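Residue numbers (my numbering), protein chains in the order written: chain A, 1 to 226; chain B, 1 to 226.
Because the hints were derived from the structure by calculation, they are not lab data.
Every value quoted in this text rests on a predicted model; they were computed, and no experiment measured them.
Among these hints, one or two may not hold up.
[What the hints assert, rightly or not] Here are the simulated DSS-like pairs of lysine-lysine, each with C-alpha atoms no more than 30 Å apart in a straight line:
no., chain 1, residue 1, chain 2, residue 2
1, B, 46, B, 96
2, B, 29, B, 96
3, A, 2, B, 29
4, B, 29, B, 2
5, A, 29, B, 29
6, A, 46, A, 2
7, B, 96, A, 29
8, B, 2, A, 29
9, B, 2, A, 2
10, B, 29, A, 96
[To be verified] Residues from chain A that face chain B, not an exhaustive set, calculated with beta carbons under 8 Å:
no., residue
11, 103
12, 104
13, 107
14, 130
15, 132
16, 168
17, 185
18, 215
19, 217
20, 219
21, 220
22, 222
23, 223
[What the hints assert, rightly or not] A short list of chain B residues far from chain A (calculated; beta carbon distances all over 12 Å):
no., residue
24, 25
25, 60
26, 63
27, 133
28, 151
29, 154
30, 165
31, 169
32, 189
33, 202
34, 224
Virtual Cβ for every residue (Gly too), placed ideally from N, Cα, C.
Protein chains: 2
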Amino acid sequence: MKRFRVGVIRVITLEDRGLIERHGRIMEKAYPDIETLSICIEDQPKGIFDESSEKIAAPKIVEAGRRLLEEGVDAIFVSCAADPAVEDLRRIATGKPVFGAGKPLAALALAISSRVGVLGIGEEPPRPLAATLGDALISYRRPSGVSATTDIAESLGAIIEAARRLRSDGAEVIALGCTGFSTFGTAARLQRLLGIPVLDPVLAAASIIHHELIRASRLGELLEAG
Amino acid sequence: MKRFRVGVIRVITLEDRGLIERHGRIMEKAYPDIETLSICIEDQPKGIFDESSEKIAAPKIVEAGRRLLEEGVDAIFVSCAADPAVEDLRRIATGKPVFGAGKPLAALALAISSRVGVLGIGEEPPRPLAATLGDALISYRRPSGVSATTDIAESLGAIIEAARRLRSDGAEVIALGCTGFSTFGTAARLQRLLGIPVLDPVLAAASIIHHELIRASRLGELLEAG
Chain A
1 MKRFRVGVIR VITLEDRGLI ERHGRIMEKA YPDIETLSIC IEDQPKGIFD
51 ESSEKIAAPK IVEAGRRLLE EGVDAIFVSC AADPAVEDLR RIATGKPVFG
101 AGKPLAALAL AISSRVGVLG IGEEPPRPLA ATLGDALISY RRPSGVSATT
151 DIAESLGAII EAARRLRSDG AEVIALGCTG FSTFGTAARL QRLLGIPVLD
201 PVLAAASIIH HELIRASRLG ELLEAG
Chain B
1 MKRFRVGVIR VITLEDRGLI ERHGRIMEKA YPDIETLSIC IEDQPKGIFD
51 ESSEKIAAPK IVEAGRRLLE EGVDAIFVSC AADPAVEDLR RIATGKPVFG
101 AGKPLAALAL AISSRVGVLG IGEEPPRPLA ATLGDALISY RRPSGVSATT
151 DIAESLGAII EAARRLRSDG AEVIALGCTG FSTFGTAARL QRLLGIPVLD
201 PVLAAASIIH HELIRASRLG ELLEAG
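One chain only, chain A, in its complex shape (with noise of 0.2 Å):
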């Protein structure tokens, strides 16, 4: 059944091999036909939140991922809903789909509605998603003390709160902007709680990724007749 092979760059430094492949689970669990190689980045234990530790990131995460073409990765995915280094990625990728999780994010919302909420954890929304969203965008909000993706698990009641503002402000949907918040759980339990759609990044990843790869390698036989 496991067609393609996805490698996924964890943007924070973790030891627990269960931590480092959660991302990597959700895709699989989500596409069968998906099997994935988690890596992390070093000397980066509180990820990326700003400016200043992207830059730092960049370079090791296009060593992760030239590390991971040398593996033979079908795709790969940087985790991270600031898309960094995907630009300098695909120029080494050779057609390979690369992705963040921001574009994917702002596409599948787009895709739902034209009145989007973005929930992150920096001062002003990733930009892949503000670029991409455009009008759609129409409220973002950080919960109180949440600066940086190492404090989403301890801040579940701010997450909700902040999740119901946006639905105040007149958000139709949900998309994390971060994909710690996918480690947790967080979009389910807003959506069961909210009751509107809540997008997970690295589900959204993951689906867009998915149809690049059959796009890229399976279209002719799916487009035959019969």
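Using the hints provided, position chain B relative to the given structure of chain A.
Only chain B this time, still in chain A's reference frame:
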């Protein structure tokens, strides 16, 4: 393995069961956990190709959707890039995903490029594509001699020519703005010939509908640790 039943509405009157089911089969091959149930509307042998034919089709599409919902489908796909009657169907589908091909196609195009060319059958690009793509829609072309989905089968040369023009116009990705192109495997041929991504509208819709089905019904399980 099958978990989701998707109702497919063909907006053209067809007699041949294989033809009626062809778009559904593409969805099933791409997503083995989807099974489809396809029906077509009556008295519309040329399908939808302009505003007037869309208006005539709309109530028939709503009626077809009602029948599919009675059959217990989990989602509805209106196989047309104009997304006809999609908003009306959402009102009666009580939260189940309802999509045409237009918005999903635009969303997937935006996920991979900001320079999109659209190939279509009407005088103008389908409205949902134009609205969602915005400035990313850099060129629209209609193949010479093609003004309805029923012209596609006999127009391969003109289609290739129009696609080449879109690439010359600067398109980095081509989105096929009529699901009639899916019937003839056009996307696979064009991307082999042109060397740039060509997005198939039925595959795009399948991807978005699949994401929405798993987001709405399996998100808790997917995001659980372990």
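*Quick check: which numbered hints come out false for this structure?*
6, 14, 16, 19, 24, 27, 32, 33 and 34
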